[in-house]
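Student: Make a model of the complete structure from these sequences and hints.
Chain by chain, the residues run as shown.
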Amino acid sequence: MEDRIYEKYFRQHRLPHIWCPGCGNGIVMKAIVEAVEKQKLNRDNTVIVSGIGCSSRASGYMDFDTLHTAHGRAIPFATGIKLANPKLNVIVITGDGDCTAIGGNHFIHGARRNVDLTVVLFNNSIYGMTGGQASPMTPVHKKATTAPYGSVDRPFDACHLAEAAGAAYVARSTAFHVQHLTDMIAGGIARDGFSFIEAVVQCPTAYGRKNKMADPAQMMMWMRDNAVMKAAWDKLPTDKRDEKFPIGVFYQHEFTEYGKAYNEVIEMAQGGKK
Amino acid sequence: MKAEIFLKSERCKGCGICVAFCPKKVLAIDALGRCSIVNPDECIACGQCELRCPDYAIFVDKKKVAK
Amino acid sequence: MTDMKLMQGNEACAAGAIAAGVRFFGGYPITPSTEIAETMAKDLPAVGGHFIQMEDEIGGMGVVLGAALAGQKVLTATSGPGFSLKQELIGYAACAEIPVVIVDVQRVGPSTGQPTSPSQGDVMQARWGTHGDHPMIVLSPWSVRETFDATVMAVNYAERFRTPVILLMDEIVGHLRENVQLPEQEKIDVYTRRQPTKTREQGYQPYKPEADLVPNPAAFGTGYRIHVTGLVHDYTGFPSGSPAVTEEFIDRLHKKIAIAQDEITHYDEFFMEDAEYAVVSYGGVARTAYEAVQQARRQGIKVGMVRLMTIWPFADKVIEKIAGKVKSILVPELNYGQLVNEIKRAANGQCEVKLLAKYNTEIFTPEEILSEIEKLQGGSK
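Heads up: the sequence lines are chains A, B and C, in that order. Residues 1 to 274 (my numbering) make up the first sequence, in order. Residues 275 to 341 (my numbering) make up the second sequence, in order. Residues 342 to 722 (my numbering) make up the third sequence, in order.
Bear in mind the hints are in silico, worked out from the structure with no lab data behind them. A few of these clues could be false.
What the hints assert, rightly or not - Dumping the calculated DSSO-like pairs for lysine-lysine here, alpha-carbon to alpha-carbon at most 27 Å:
no., chain 1, residue 1, chain 2, residue 2
1, B, K299, A, K87
2, A, K8, B, K338
3, A, K8, C, K699
4, A, K38, B, K338
5, B, K299, A, K212
Tutor: Following this line, the structure appears as structure tokens:
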């Protein structure tokens with residue numbers, strides 16, 4: 001067998017991972033290391049920072065400097081790492097609960113502040129680690145252990161949120177669209193600023209089983225059938241959108257990266273620039 | 275056979291994603307709930323299984339043709 | 342020595358931090374600690390460091406821990422309500438052994454309480470605020486000049502023991518202005534964080550302790566590819582569910598501080614040689630107690646004083662010793678009675694231990710403490 005480049009980025013002795021059969025997290029983890037390879041990042045200058053939850057267990061399997069923080073707090077830790085040592089490439093792995101519930105404030109302020117981070121949100125629509133409670137991204141009417149009659153909470157669109165909060169790069173893809181997902185993440189890494197990529201993943205165990213979609217392959221086919229490339233989505237009449245959702249790069253903009261802006265503060269404080 | 279398929283069975287959790295996305299029905303879940311190669315000759319080395327395997331348990335190499 | 346300067350306690354804290362090598366501050370504005378953040382915002386970039394105002398107290402804690410993992414010396418500052426919010430990640434720092442100094446300039450609580458009024462109400466929270474078993478180093482200065490030294494010491498201890506250190510200030514000292522003469526930089530004892538002594542190839546284990554029970558996790562970006570987690574972990578840094586690993590881990594966290602306790606315990610004794618009574622005090626209150634003790638001495642009362650600078654780990658031996666010498670110990674505290682219970686425990690019934698509590702936003706007057714000292718003479722024994 002030929003060597004696989006992505007395999008060299010995993011801590012082989014930690015595999016197999018803890019994720020359930022059919023969980024999409026492993027696919028996204030692979031897409032991240034493929035994107036790292038694609039962007040030719042120096043591995044020893046790359047740090048993976050995660051929060052708490054299923055998604056955030058990824059850091060333990062990835063052979064970089066890795067940090068498994070507290071629930072919702074990955075972005076502040078990542079901000080400190082990047083500012084303290086700007087030569088580091090910092091990739092944040094988070095989940096829908098981690099990022100948009102308990103970490104919501106850090107998320108929007110991270111986007112506003114625009115430190116050069118690449119944030120990949122594994123969206124499985126549920127709290128998987130704790131057994132299937134509703135998250136702020138659980139779609140309306142879908143069931144969860146804490147929404148046994150179907151959720152009535154309106155969900156966040158994390159991409160809209162990131163864009164409105166000032167992110168420099170916003171994209172979405174799915175665990176079905178592996179190469180596209182890799183490209184979306186690579187694009188985020190390339191952008192000098194706060195990049196946000198939502199990766200839609202299947203959770204057959206905690207989400208699918210409660211919502212008539214227990215088969216992981218069936219969940220991925222749902223992604224195949226309902227994800228629409230942004231250009232096509234923009235032309236799609238509202239009444240035809242139904243369960244469909246857009247994927248692709250939604251937004252990118254050049255803002256001054258925070259660390260570079262702060263370098264000017266240092267210069268002023270040291271009496272250089274007025 | 276256009277391809278060589280390698281299984282790391284110790285990683286396979288038997289989710290069936292590879293089976294579902296194989297266009298040539300090369301793969302099946304065996305009686306013990308793991309992926310097995312049932313029609314190796316049909317494999318066209320499209321790599322759909324490897325691409326979407328969440329457990330990095332299946333690998334497909336295109337067979338090198340001797341020149 | 343440097344020139345004499347009129348300085349506030351909070352400013353001395355910021356100056357001490359920079360002198361100790363702190364180059365990263367993250368925080369959130371809160372009275373009465375805000376001047377620390379403001380001074381850092383002005384002075385840190387001047388030495389090439391970073392100041393960042395975060396979205397909340399938790400973010401302020403997270404950002405400094407990230408910077409510490411990337412190799413920087415870090416500090417954050419807050420007051421009661423923020424201290425409550427920071428507890429989550431103070432526990433993270435204890436578990437993942439990340440050097441960090443958290444300054445808590447105490448104010449009256451609970452909750453929003455009395456925002457600008459002095460208090461010593463966070464003494465037990467400083468020790469036990471975050472969940473689970475963990476040790477804590479807590480220092481409480483009593484003057485502007487000592488705030489500078491205590492901050493340097495706090496940074497050194499955080500780096501050396503790889504642990505969170507709380508600088509427990511109070512509004513009295515935080516907002517006090519005194520003429521101070523700071524030491525020259527070369528004269529300041531600054532600890533440099535230990536680096537790994539082995540390479541990956543030599544079997545380096547980031548959380549394997551040295552003889553002093555402190556491990557040497559490498560800074561991010563130095564090629565070691567380590568894993569850091571708030572889960573209980575073994576020497577490799579990876580999570581472990583093993584009862585044996587868990588027991589050894591929690592044991593080691595405590596012991597690395599316990600074996601150095603004598604060195605960490607800082608206190609002053611005044612007029613204790615022939616003392617029949619003692620006042621035990623700390624922080625801003627100790628200033629008033631000192632005046633009261635001097636007045637009592639002028640009246641011929643044989644009273645001495647012990648001023649604790651190290652609050653935690655608690656100075657058991659010091660208190661046990663003096664409790665064996667005196668008839669009574671008076672403990673004035675700007676709270677409902679917190680450290681007094683530790684003093685009672687350490688005194689172990691050898692003498693009477695009496696609380697003088699105040700929690701109405703006002704500081705003690707020397708007369709209030711003097712009057713209690715006078716009453717001790719008619720006390721038991």
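Student: Against this structure, judge whether each hint is valid.
Tutor: Okay, the hints, checked on the actual structure:
1. B:K299 <-> A:K87: This hinted pair is violated, its Cα atoms lying about 48 Å apart.
2. A:K8 <-> B:K338: holds, 23 Å
3. A:K8 <-> C:K699: violated, 63 Å
4. A:K38 <-> B:K338: holds, 25 Å
5. B:K299 <-> A:K212: holds, 25 Å
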